[in-house]
Amino acid sequence: MVNIWDQNSFSKFQKGFKGINVTRQNIQDSDIKDKMNPKIVLETRNLGVSYGSNYAIKDINLKIPRNAITAIIGPSGCGKSTLLRCFNRMNDLMDGHINNEVLFNGVNIYSHDVNVVEVRRLIGMVFQKPNPFPTSIFNNIAFGLKVNGFEGDIRERVEWALKEAALWDEVKDRLHHNAYSLSGGQQQRLCIARALAIKPEILLMDEPTASLDPIASARIEQLITRLKEKFSIVIITHNIQQAARVSDYVGVMMIDDTMTGRLVEFGSTKDVFENPKSKVTEDYISGRFG
Numbered sequence: 001m002v003n004i005w006d007q008n009s010f011s012k013f014q015k016g017f018k019g020i021n022v023t024r025q026n027i028q029d030s031d032i033k034d035k036m037n038p039k040i041v042l043e044t045r046n047l048g049v050s051y052g053s054n055y056a057i058k059d060i061n062l063k064i065p066r067n068a069i070t071a072i073i074g075p076s077g078c079g080k081s082t083l084l085r086c087f088n089r090m091n092d093l094m095d096g097h098i099n100n101e102v103l104f105n106g107v108n109i110y111s112h113d114v115n116v117v118e119v120r121r122l123i124g125m126v127f128q129k130p131n132p133f134p135t136s137i138f139n140n141i142a143f144g145l146k147v148n149g150f151e152g153d154i155r156e157r158v159e160w161a162l163k164e165a166a167l168w169d170e171v172k173d174r175l176h177h178n179a180y181s182l183s184g185g186q187q188q189r190l191c192i193a194r195a196l197a198i199k200p201e202i203l204l205m206d207e208p209t210a211s212l213d214p215i216a217s218a219r220i221e222q223l224i225t226r227l228k229e230k231f232s233i234v235i236i237t238h239n240i241q242q243a244a245r246v247s248d249y250v251g252v253m254m255i256d257d258t259m260t261g262r263l264v265e266f267g268s269t270k271d272v273f274e275n276p277k278s279k280v281t282e283d284y285i286s287g288r289f290g
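Okay, so the sequence shown: first residue is 1 according to the working numbering, each after it adds one.
In short, the hints are calculated from the structure, not lab data.
The C-beta atom is built at its ideal place from N, Cα and C for all residues, glycine as well.
Hints should not be assumed to be uniformly reliable.
In the DSSO-like style, the derived pairs of lysine-lysine whose C-alpha atoms are separated by at most 30 Å in a straight line are [as the list claims (entries may be wrong)]: (1) K277 with K228; (2) K129 with K63; (3) K58 with K270; (4) K163 with K199; (5) K163 with K39; (6) K172 with K199; (7) K39 with K63; (8) K129 with K230.
Between beta-carbon pairs, the in silico distance windows are [stated by the list, open to error]: (9) N178 with T225: 24 to 34 Å; (10) S50 with H238: 16 to 26 Å; (11) D271 with I154: 37 to 47 Å; (12) E229 with G184: 24 to 34 Å; (13) D271 with K163: 28 to 38 Å.
Please build the complete structure, drawing on both the sequences and the hints.
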């Protein structure tokens with residue numbers, strides 16, 4: 001695998017963030033908080049993403065409960081990752097066009113007066129493959145804190161994040177070792193710790209165990225289950241059994257006749273798996289296709 005994060009590019013990446021002033025916009029204003037639904041942290045309203053005249057996903061209406069684990073499942077190519085990237089505006093980095101609204105605590109994150117950097121601070125992302133920076137374990141966590149102007153005790157916050165990610169006991173005596181010296185499962189937990197360090201409200205996870213062995217995957221699942229006490233989690237997974245094990249709510253996506261991703265069902269994990277409303281959902285979770 002080619003490593004795009006060589007030391008030179010990482011240094012440029014660091015310099016590129018110097019001088020950014022991350023301030024809280026109306027995304028957390030008190031008048032907005034008074035109006036928001038305390039049980040719903042994230043909501044989409046007829047959300048669509050198009051590339052030219054072709055829609056990748058369309059008419060997605062979804063409410064993500066607060067302090068719960070929501071899994072999005074469906075066959076490959078149905079738009080799960082496209083949907084996930086809408087939740088913290090990662091699709092801004094592509095050529096797609098976003099239609100309609102994504103509300104975070106009642107605020108449309110695609111409004112012109114919303115600070116995108118702040119959105120991504122409050123809604124963190126963990127990717128499919130571990131992507132630690134080519135620096136020490138400690139600096140992997142401390143970097144995000146420095147970028148975001150953290151004024152507290154960085155060592156204390158690094159320790160807190162590593163403990164939250166169930167990694168502290170394994171690395172506390174080698175914090176200044178290169179992050180690449182960790183195993184794949186440890187690297188993924190380091191990436192989770194890095195996301196947690198700035199204390200987001202939502203943690204997005206795009207198939208976080210796809211590249212891990214069963215033992216490492218089980219540890220990540222245990223971690224995810226515990227983290228929902230403090231964070232709202234949205235996880236994309238191809239593993240239907242994993243969704244059944246770890247999630248509280250499940251959204252099922254499918255492709256329609258025009259190759260557009262649609263949300264065909266959403267509900268509690270128990271209801272979706274034991275009493276699906278849609279025949280296509282029943283066929284998918286029972287393994288008849290997908």
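Exercise. CA of K277 to CA of K228, is that 30 Å or under?
Worked result: Holds. K277 to K228 sits at ~27 Å (cutoff 30 Å).
For this session: Could you check the hint for me, namely that E229 and G184 are 24 to 34 Å apart, CB to CB?
Result: About 26 Å separates the Cβ atoms of E229 and G184, which means 24 to 34 Å holds.
Problem set entry | Pairwise hint evaluation, K270 against K58, where the allowed Cα distance is 30 Å at most | Between K58 and K270 the Cα gap is close to 26 Å, so the pair holds against 30 Å.
Exercise. Holds or violated: are the alpha carbons of K129 and K230 at most 30 Å from each other?
Worked result: Satisfied, since the Cα-Cα distance of roughly 24 Å is no more than 30 Å.
Exercise. So the hint says 16 to 26 Å: do the beta-carbon atoms of S50 and H238 match that?
Worked result: 24 Å, holds
For this session: Compare the distance between the alpha carbons of K163 and K199 with 30 Å, and conclude whether the hinted pair is satisfied.
Result: 13 Å, holds
Exercise. Taking 30 Å as the top limit, are the C-alpha atoms of K39 and K63 close enough?
Worked result: 9 Å, holds
Exercise. CB of D271 to CB of K163, is that within 28 to 38 Å?
Worked result: 35 Å, holds
For this session: Measure nothing beyond the straight line between the CA atoms of K172 and K199; if it is 30 Å or shorter, mark the hint as holding.
Result: Judged against 30 Å, a Cα distance of about 21 Å means the pair holds.
Exercise. Is it true that the CA of K163 sits at most 30 Å from the CA of K39?
Worked result: 27 Å, holds
Problem set entry | Given hint K63 paired with K129 - CA-CA distance at most 30 Å | 27 Å, holds
Problem set entry | Range hint 24 to 34 Å (beta carbons of N178 and T225) holds or violated | The hinted range 24 to 34 Å holds for N178 and T225, with Cβ atoms some 30 Å apart.
Violation of the numbered hints given earlier is absent; every hint is satisfied by the structure.
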